[in-house]
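S.K.: Here is what each chain is made of, one letter per residue.
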Amino acid sequence: MSKLKIDTIAAVSTPAGRSAISLIRVSGPETFKILSKLFKTGGKKAFPLPYSAYFGAIVEPDTGLVADKCLVTTFLAPKSYTGEDLAEVSTHGNPVVVSRVMQLLLKNGARAAEAGEFTRRAFLHGKMDLLEVEAVSQLLSAGTASQARLALNQLDGLPSKFVARIRDRLIHNLVQLEASLNFPEDAVEAIDEHLLAIEIKHILAELHVFARNARNGNLVADGLRIALLGRPNSGKSSLMNYMLGRERAIVTDIAGTTRDTLEEAMMIGDFPVKIIDTAGMRRPGDRIEAMGIERTGQAVDSAFAIVGVFDGSQPVSSEDILVLDRIKSSQKPFILVCNKTDLPQRLEESFFSGCPTVEISSLKASGLPQLVKTLREIISSSGLSELEEMVLLGAQQSVSLDKALAALERADQGIGTMYQDMLAIDLEEAVRELGRVNGETVDVNTLDLIFERFCIGK
Amino acid sequence: MEKRNHFSVIVVGAGHAGCEAALASARLGVDTLLLTMNISTVALMPCNPSIGGPGKGHLVREIGALGGEMAQCIDETCVQMKWLNTSKGPAVRSRRAQADKYLYRQRMLNTLFNTPNLLLRQGHVTEIIVDGGRVAGVRLETGVGFSCEKLIVTSGTYLNSRIILGRASWDGAPQNQSAAIGLSDSLVKAGVRLRRLQTATPPRVLKSSVDLTKLTELPGDVDAGGFLWENRLRRYEKQISCFLTFTDERSVEAVRRNLSESPLMLENITDEGPKHCPSIDRKIMKFPDMVKHQIFVEPEGWESQELYLQGLTTAMPPSAQQDILASVAGLENAVVLRYGYAIEYDALAPGQIRKTMESRVVDGLYTAGQLNGTSGYEEAAGQGLIAAINAVLALKKQPPYWPSRTKSYLGVLVDDLSTWEKPEPYRITPGHAEFRLTLRDDSAERRLAADGFRIGLVSQERFASIYEWSARIEKEIARLGVLSLLPSGEARERLARFNSGDLKKPASGNELLQRPGINYQEAMDLLQQPFESRLTAADEIYAVETEIKSSGYAEREAEKILQTAFLEKIHLPMITADPRLQVLSSQAIQILNSDRFDDLSQMVRKHCLSRTEVAILLSVLAENSEGENEVEVKND
Ligand SMILES: Cc1cc2nc3c(=O)[nH]c(=O)nc-3n(C[C@H](O)[C@H](O)[C@H](O)COP(=O)(O)OP(=O)(O)OC[C@H]3O[C@@H](n4cnc5c(N)ncnc54)[C@H](O)[C@@H]3O)c2cc1C
Ligand SMILES: Nc1nc2c(ncn2[C@@H]2O[C@H](COP(=O)(O)OP(=O)(O)OP(=O)(O)O)[C@@H](O)[C@H]2O)c(=O)[nH]1
Ligand SMILES: [Mg+2]
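From first to last, the protein sequence lines stand for chains A and B.
Positions in the first sequence are counted from 1; adding 93 to them yields the numbering used here.
Positions in the second sequence are counted from 1; adding 61 to them yields the numbering used here.
Isolated chain A (complex conformation) (with noise of 0.2 Å):
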């Protein structure tokens, strides 16, 4: 880590103008010079103490005159939030008592702090994993409530508790097959084999939860992708503007208008979605709209639902039934939908025989209410509602969470019939890469453990 300059850092951290106590942080190498220049304590305690509690005054220093009457907590290094030296100045809730510490803080010596540097400062002194900093960037820039449910989760360290009870859990069954295996003539009790093959069965299941979890929250952290597919002219465009309430896409009775896809947010009930109009799918007529079929494959692929958008003005053609197939096919829960309701009805009813289908014309804006109830009954029903449960990973993160499960499926399956020093290996790597879920690029010293839990010595 590059050595900035440490400044302190000072900011009122109760809501402006509310409550009778307000309440303001100090942090930073000078808080107890700061402060000592400011905070006339009546009492013989030597300030400041770890950890302590001083009734007194903040006195401007050049005139004498008492700012405010408060309560001053200390922390020293490492043992506060920041893991630097910090102080709470407890004053009266009045807005102008409180503006007047904040000044003469900032006078003597203090910075007011940017939006979540005490955060920032709390991580680069270790008091906060990673998962856990990138909950609080989320929790400041969640749109929408499921999104700040998901990174208040983060914040409560859910997942990075979770991950840490399960890597200490494989610590604990690593340090004793090492010890064994290193230590062969020492009294270490072999270990059970059995015992541990249920554990890393418990483990697995457990991790693969998480693992869903995780998927679910990267899910809803960048908008579930719904995808809207018909052929040409079906009006795509046309529903994608009316869903927006904006005219977003270009909409011509042109067949092949949309030769690229198209992404939008916006939100079904609880959650962000990604709109994503796409070209219409039919037999390529030149390159460039080939290239645009092609995306709207990809569309379907990374889709989490797919709109199935038809003309009912027109008989069914061999495009639709080629739509029909291809939505089918992709194993994703559909929605289909009978557009240009307004125009004498041509389309075979039986067309849409035992699918879901909602009725739209997107030219009269009517039918967009049953679309989104469908919707959202999709969501709720993927169990992305759990909302609780939802945890949150960075790329690296997922990459080492799984390499954590292969690893264990290799100890899981191979255990009983493989030797320990090759079970040994599956469950280092599963712990140094759940350590990385975590951002802990500490390494577990396996030998020195083994020492600290057993009689080794000849």
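Worth flagging that the hints you see were computed from the coordinates, not collected in a lab.
Be careful, since some hints might not be right.
[To be verified] Distance windows between CB atoms, simulated:
1. A:290 with B:239: 50 to 60 Å
2. B:532 with A:388: 50 to 60 Å
3. A:502 with B:346: 24 to 34 Å
Note that the Cβ used here is the ideal one computed from N, Cα and C, for glycine as well.
Dock chain B with the ligands against chain A, hints included.
M.R.: Coordinates of chain B with the ligands only, in the frame set by chain A:
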């Protein structure tokens, strides 16, 4: 005046490090002087009478493969040879030998005397002569001086050493020898930083006073073979046993009773001792609920009447030691011949040696063994060998030999040592080796014999026979990859008999061997290979089976090895003039430019360079070297 007072290489100390160093130097054709305080205690084993075990045994095998002496010497002088960990897997399997301490010393002494280019002399070195930052020679207590090009100091536990026994303590060295006084001061004057370490040893008791009938007998393995490649199939028909007994409540009580006299409580000794050799007092204090501690009772030689009590290490006063012994089954009436004691000595403070064992402080000075902060005979011998090889290469102005941690335990040892920062002494175990499936005990020659040949410690003839042997193994592995078993009804029936699953499509010999429960001979039976075409030697069959059965793991390990080996080849210090590297932290830049580490892999392992920083550095380096090293380093 001495007749001759200049030698290319001088080695100080004829312990395990010094013997190995002097022999390697002389065998490489360099005139070598070995100076030691007492010719009667050359290659002394002041503690346990055994060599080997996981990690340590691997080192001995590698010393043998590279052309060192310890493997041969212990093979010839052991009273017992044993396999350890055979059921736990190929990576941790190793041999352990019980030594006849007296024969070992005698044989080593003979070898030293009979090696051309080598002169062994008794003498107490009190000063190293440094001239302009370079080693120039040594001076003895008698005032006699010798000059040299390269100096290898292996002073073991002797520098300013102090013996501690209860409240008593005096200057002295193992076996009532005297401490080496003077050399420490001289090293400090040359700029070397020292620290104090301690270690201790258990009492030895008279064999006839021990009731062996109360003890469990632990015989050796007749077919364990020796450490040296040539001895791999040797049968040790005649062996003597070790014995096992345990402490109980009475012993714990006895230790507690006497605890006030323990140096641990008296605090008359440094606390920095080997973690893996705690004294019985420490064990009982640290694990108060544990009552049953094992005591291995080991012979010290064929004829020796002394028994070594492994597990009862202590420096409590004699009366306390008697008290404790009286509480242990079988040892109730044991007569103590030598009391256990602790010794405190000077060793190098961390951060002063390179992977080559050369000093970072004084040019031409090499150090090896206990002086470098290790503990154990095998660790000492390994370092002595590497130090001498590098001293000779430097003498001949050739590039140094940097054993890689991806290729040998020797590499792990010197790499760890040159970056070791912990207060306690270092001891090798498989836990230190991250590539231990590759560094298997059985593959030592396949990893190192070529190095030994290139260096000059392995003869052409020896290398040729090792090469032939390893080619046989590799050819057989290749053949098994080509042989194939078709899923006929008969084949499936036979497989079922092995309880080893079904056969749906043709399976190669490799695939068959990878199935649990099928060994080489069974695979060959299934493949209907005639006996004449098969391997016959047990060690070759073992190697084939192991390589094939662990190939999945070995492949994953090989990927990681590539990355470490690549980083190891980028030596430090490097001059980072490229302005783009200013994005690295100033601390990282400073270390890159400094002499703190030998190579980039050390810097990464010590977390002095983040993964992002490595990626930046490597891409800049790759650009500047115009595709010289086109290796992709995955960010793993
Ligand atoms: C009491 C005791 C307990 C031990 N316990 C353990 C244990 O539990 N586990 C373990 O692994 N290891 C233990 N050891 C350590 C083991 O003995 C050493 O690791 C090993 O012998 C080190 O080898 P070396 O070559 O470095 O030094 P040594 O074997 O100590 O040899 C040093 C040699 O250098 C000579 N010498 C020293 N200074 C000079 C000088 N100035 N001039 C000339 N000659 C000099 C000495 O005479 C000696 O021959 C113990 C050692 C002792 C003494
Ligand atoms: N009457 C009526 N016309 C509609 C409706 N929806 C779309 N249209 C018309 O149908 C034509 C095609 O509409 P688009 O939205 O461009 O169709 P598309 O599916 O995006 O077509 P491509 O991009 O070419 O694949 C336009 O002329 C629209 O005005 C509707 O609900 N009622
Ligand atoms: Mg369109």
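S.K.: Is 50 to 60 Å right for how far apart the beta carbons of residue 532 (chain B) and residue 388 (chain A) are?
M.R.: Holds, at about 56 Å.
S.K.: Given a hint of 50 to 60 Å, does the C-beta separation of residue 290 (chain A) and residue 239 (chain B) actually sit inside it?
M.R.: Given about 58 Å between the Cβ atoms, the range holds.
S.K.: Return holds or violated for the Cβ distance of residue 502 (chain A) and residue 346 (chain B) against the range 24 to 34 Å.
M.R.: violated (43 Å)
Hint compliance for this structure: hint 3 alone is broken.
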